[in-house]
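Novice: The chain contents come next:
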Amino acid sequence: MAETSKSRAPGRLTLSPAPHFGAPTSTAWMTWIVSLSLVPAAVWGVFLFGLPAVRVIATSICVAVAAELASSALFRRFTLADGSALLTGLLVGLLMPAGAPLYVPAAAAAFGILVVKQSFGGLGRNWMNPALGGVVFALLSWSSAMTRWAAVGDASVGTAVVPPLEALRSALSAPGAVGRPLEILASHGYVFSSLDGRIVSWLNSHVLSLFHAALAGGSFDILVGYVSGRIGEVSAPLLMVGAAFLLWRRIVRWQVPVAYIATFAFLALVFGGLAGGQGWFSGGPLFHVLSGSLILGAFFMAGDPVTSPLASTGSWIYGIGLGLLTFLLRFYGSLGDGVAVSIVLGNCAVPLIDKLVLQHAPARAREGI
Amino acid sequence: MTHSNGLPRGGVNPPDSSLISREAPIANAVVPSVAVIPMLQHAGRAAVCVVKPGDLVREGMLIGRADGARSANVHSSIPGRVVEVRRVALQEGVSSDAAVIELGGEFDRSGRPRTLKEWEKLSRIDLLGRIQSAGVVGLGGELVPTHLKLAVAPGMSGSLLVANGIDCEPSLSADYALMREKPGEIVESLRICQVLVGASRVVLALGEDAEGLVPEFERALARASLQCEIALMSSRYPQGNEQLVLSSLDGARPSRPRAASIVLNVATLFAIYEAVVMDAPLIERVLTVTGAPVASPRNLKVRLGTPVRELFDDCGGLLAEPGKIVVGGPMRGVAIASLDVPVTKGTAGVIAFAGAEARTRKEWPCIHCGVCMEVCPWDLVPTRLHKLIQQGEIEQAMGEGLGRCTECGCCAFACPSHIPLVDILRTGKRSRGRAGDG
Amino acid sequence: MTPSDVLSRGIPRDDPTAVLLVGLCPAAAVSVRVIDSLWMAAGIFAVMLLSGFCMALLARGKTNDGEVAPRAAAGGWLAALVISSFLTASFEIVLLRAAPEASAALGIYAPLIAVNCLVLTVIDESSRAPSPGRALLDAAGKGAVFAACLLLIGVFREVLGAGTITLFPLSGFSGTIVIGSLSRDPARAISFAGGGLLCLGYLAALARAVKERRL
Chain A
2 MAETSKSRAP GRLTLSPAPH FGAPTSTAWM TWIVSLSLVP AAVWGVFLFG LPAVRVIATS
62 ICVAVAAELA SSALFRRFTL ADGSALLTGL LVGLLMPAGA PLYVPAAAAA FGILVVKQSF
122 GGLGRNWMNP ALGGVVFALL SWSSAMTRWA AVGDASVGTA VVPPLEALRS ALSAPGAVGR
182 PLEILASHGY VFSSLDGRIV SWLNSHVLSL FHAALAGGSF DILVGYVSGR IGEVSAPLLM
242 VGAAFLLWRR IVRWQVPVAY IATFAFLALV FGGLAGGQGW FSGGPLFHVL SGSLILGAFF
302 MAGDPVTSPL ASTGSWIYGI GLGLLTFLLR FYGSLGDGVA VSIVLGNCAV PLIDKLVLQH
362 APARAREGI
Chain B
100 MTHSNGLPRG GVNPPDSSLI SREAPIANAV VPSVAVIPML QHAGRAAVCV VKPGDLVREG
160 MLIGRADGAR SANVHSSIPG RVVEVRRVAL QEGVSSDAAV IELGGEFDRS GRPRTLKEWE
220 KLSRIDLLGR IQSAGVVGLG GELVPTHLKL AVAPGMSGSL LVANGIDCEP SLSADYALMR
280 EKPGEIVESL RICQVLVGAS RVVLALGEDA EGLVPEFERA LARASLQCEI ALMSSRYPQG
340 NEQLVLSSLD GARPSRPRAA SIVLNVATLF AIYEAVVMDA PLIERVLTVT GAPVASPRNL
400 KVRLGTPVRE LFDDCGGLLA EPGKIVVGGP MRGVAIASLD VPVTKGTAGV IAFAGAEART
460 RKEWPCIHCG VCMEVCPWDL VPTRLHKLIQ QGEIEQAMGE GLGRCTECGC CAFACPSHIP
520 LVDILRTGKR SRGRAGDG
Chain C
2 MTPSDVLSRG IPRDDPTAVL LVGLCPAAAV SVRVIDSLWM AAGIFAVMLL SGFCMALLAR
62 GKTNDGEVAP RAAAGGWLAA LVISSFLTAS FEIVLLRAAP EASAALGIYA PLIAVNCLVL
122 TVIDESSRAP SPGRALLDAA GKGAVFAACL LLIGVFREVL GAGTITLFPL SGFSGTIVIG
182 SLSRDPARAI SFAGGGLLCL GYLAALARAV KERRL
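Residue numbers (the numbering used here), protein chains in the order written: chain A, 2 to 370; chain B, 100 to 537; chain C, 2 to 216.
If we strip away everything but chain A, and leave its shape as in the complex, we get (with noise of 0.2 Å):
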């Protein structure tokens, strides 16, 4: 018994509502982490492009920083301590070319927080996502704009500049390409790497070889990443490796980017192969899911709690929507790669998808008093 530790009379003693502890997250730290999972390949962007990538992503987070600095003061919050202006800003600086004139990331970076998140009124309110809304704004305003590819690294590597799926494209819209996507850019002269020449040759001729398979030239590029395109959607391996961290941590629920990646690689596999002339059930998903911004879309922002479903269910409903929708806007559209626009689309429908979803919860919720 301490004789001199006695009960200090406390100063003043808080008052506040029960729960007095809570769990160790914070919606704050949350956007921070995400913005965190993106430098890997933010960073392998500017390894790619070089200092116009930097222009453009300091650019965007820096007009979206501004925007929102001046949007919240006209309310007197300050409210960038919660991260989210960062992550659109970089998200947006993510989804531009690096060629980009430097007036369209800001211009979408701009629409992004002020029009579609502040107008609203702020986070959470929001119902569409708003780098995807800055995007897809900037993408029907500068339509040449967002195609001003950058070349890989400098002009000595020599790859092409246009991205494979661009590129595929304008080879399907001739007639007479035939074969898989691969096959179908290697028949009209697209180059990869010489990196990736040595490194599929080798394997094909000492591994593959024992299995009767080949690789397509190429893959090596398409599946590290070294090929021209957005700033952040190259690299898929860095992108997962952010993805994964998301995962484990429960900020991103899995339900959204499994179900859109499946539909999509499942449609793309089936009738993905119809324009090269293949036929049914031979497309080429693995391609078509690393081409585009797919991967960057279907975790980092078809996965945003703001605008995903509320319920576990309506989060497969949702995914499936946005991987049939990538689909057609892909392969019978012409908007680019169909991610922005489709995830767009998609977010309109996630209050009907609620609704009908916490509408007919099964009657369990409703028994009893």
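If you're looking for bench data, these hints aren't it; they were derived computationally from the structure. Don't take every hint at face value.
As the list claims (entries may be wrong) - DSSO-like cross-link-like pairs, simulated, lysine-lysine; straight-line CA separation at most 30 Å:
| id | chain 1 | residue 1 | chain 2 | residue 2 |
| --- | --- | --- | --- | --- |
| 1 | B | Lys400 | B | Lys281 |
| 2 | B | Lys486 | C | Lys212 |
| 3 | B | Lys281 | B | Lys248 |
| 4 | B | Lys528 | A | Lys356 |
| 5 | B | Lys400 | B | Lys151 |
| 6 | B | Lys528 | B | Lys248 |
| 7 | B | Lys216 | B | Lys248 |
| 8 | B | Lys281 | B | Lys220 |
| 9 | B | Lys486 | A | Lys356 |
Said to hold, decoys possible - Here are some of the chain C residues that sit facing chain A, going by a computed Cβ distance under 7 Å:
| id | residue |
| --- | --- |
| 10 | Ala188 |
| 11 | Arg189 |
| 12 | Ala190 |
Bear in mind the structure is a predicted one, so any value in this text is a computation, not a measurement. In this text, a Cβ means the ideal position worked out from N, Cα and C, and glycines have one as well.
Based on these hints, arrange chains B and C on the given structure of chain A.
Specialist: Showing chains B and C alone in chain A's frame:
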């Protein structure tokens, strides 16, 4: 011994600091020099104070008589003299009269050898009478006078009698410690209740982390020749809630109305034992004193009316200036404004918070993550309810199940935006109550 | 109710585009260029003014307290619509002669002035107006505000969406002000219909914000 299905859905696993204190033996708290004993320590009408300033009282003497059927007796927990009878503020804005008693004179019961009274020969009415006159109420939190609960017609088919040994809140281990030290008494009390109720099935519900107590209870049950199942349930919060215990036992949804089930907390059972076998009124209870700034958190046996301040002294004092003191558990307890608040029949624990833990966390906007919906054991969608309440649509919220909310706190615990959901839902329910009956 | 009341009431309370939200189709579709907005506003203004005046004249003397008997109302409506169609057709001919380019730009919306919601609203209110003079004033107020809104949207959309401001050609002035850097690569999405609706939405929000602060 059976393993139950576990929580039907939801629930959370908050960090449990009761492990610090639960294996230590229950210590006796120092008898307070001044005890403040409120007349309202139960659900129902307040007792009528039958003493006045200047009266001498004995330990265990009746100082408040039950007012009608739905009320309970209040006894003095210390011998001494009544200094005054004044109005004290209890939690939740309720106030009641309380007798302030200054310690003095001899202890009739403490320190004297206790004689067990024969109870098997007593009639039902006498048994219930002993329980009623001792002022036993549900100590698991609902504080319903126990004699009302047990006054059911015996032998109803399909009736179920459950002894709830699951600590209702994380960090509280008073029930665990009581079960560890007094298994025989609890089993005997269960026998008494079974005589009164005549249930077709008797179950002792324990949390998984109390598995070590099972052998001792099996022995006690064998000695008492009481036919009773021991059911192990998950230790997720809020498994200790009465409806969830029943739901885990029969597998049906929690809110389903159930006939003829009686669930009694083990602390209540011990009080029944004391009332029937020892003929002793309810004047003390076991509670947990814990919290980071407490020097040696432990379970204490405390006289009712002891100010909270003295409990901390019994635990070695507070190592830091407390920022918040909570009476009850961390999930549903109430923060108090001063250390002079007295311990009552419903006080299961006292927790001190200091520093960052005491501060309210910064609130962010709702991001529709849906975690609150995932953890709600009652299948509610708290985020929708909170939005409806903020828009004033209380009727709509009631239609979506607001009435089922037991304010367990799981949603607010799990919310990453730290929205005070329980407070909002409670406000919604209250504003409805004002429109309807009181 | 004084004339100044009508005008001051017209702006915050009865503002067609921002508050009453009528007449939106031309507002969104036509306001891509300033000159088109101006012509549209002029057309609606003229038709509205004269139809309202005629309706008020026709409705006069029907009853004492301004209520019009149903059959009389039908007859009056028919007459008013005939008048407004006549006026619309006249406007179309004038437009075709004076500004063929604008006529082509307005397209179907020029003949639709006859059944424009705004025009019909004014006709309806004029049938209950205390006097033709009052009806004229009311219509003028609404028309002026509508023209101002349309002009505002037109300027915004053309500047951001095309980088130019197209006005009437005068001697030595081709009629188009070109804003150098913006016109090279403007934000074309704003000149799409979606952009128009977005502008309308913000205008309505602004009007409401102003109104609520005035309250």
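Novice: Compare the structure with each hint and give your call.
Specialist: Hints versus structure:
A hinted pair counts as satisfied when its Cα atoms are at most 30 Å apart, and lysine 400(B) with lysine 281(B) qualifies at roughly 13 Å. At most 30 Å may separate the alpha-carbon atoms for a hinted pair to count; lysine 486(B) and lysine 212(C) meet this at roughly 27 Å. Distance restraint check for lysine 281(B) and lysine 248(B): the Cα-Cα separation of roughly 23 Å lies within the 30 Å cut-off, and the hinted pair is therefore satisfied. Simply put, lysine 528(B) and lysine 356(A) have alpha-carbon atoms about 23 Å apart, close enough for the 30 Å limit, and the pair holds.
Of the pairs offered as hints, the one joining lysine 400(B) and lysine 151(B) holds, with about 28 Å between alpha carbons and a cut-off of 30 Å not exceeded. A threshold of 30 Å between alpha carbons decides the hint, and for lysine 528(B) with lysine 248(B) the separation of about 26 Å falls inside it, so the pair holds. About 23 Å separates the Cα atoms of lysine 216(B) and lysine 248(B), which keeps this hinted pair within 30 Å; it holds. At roughly 24 Å between alpha-carbon atoms, lysine 281(B) and lysine 220(B) fall within 30 Å of each other, so this suggested pair holds.
At most 30 Å may separate the alpha-carbon atoms for a hinted pair to count; lysine 486(B) and lysine 356(A) meet this at roughly 14 Å. Taken as an interface hint, alanine 188(C) checks out: its beta carbon lies about 4 Å from the nearest beta carbon of chain A, inside 7 Å. Here the hint on arginine 189(C) is kept, as its CB sits about 5 Å from the closest CB of chain A, short of 7 Å. Interface hint at alanine 190(C): satisfied, since its Cβ lies 4 Å from the closest Cβ of chain A, which is below the 7 Å cut-off.
The earlier numbered hints are all upheld by this structure, with none contradicted.
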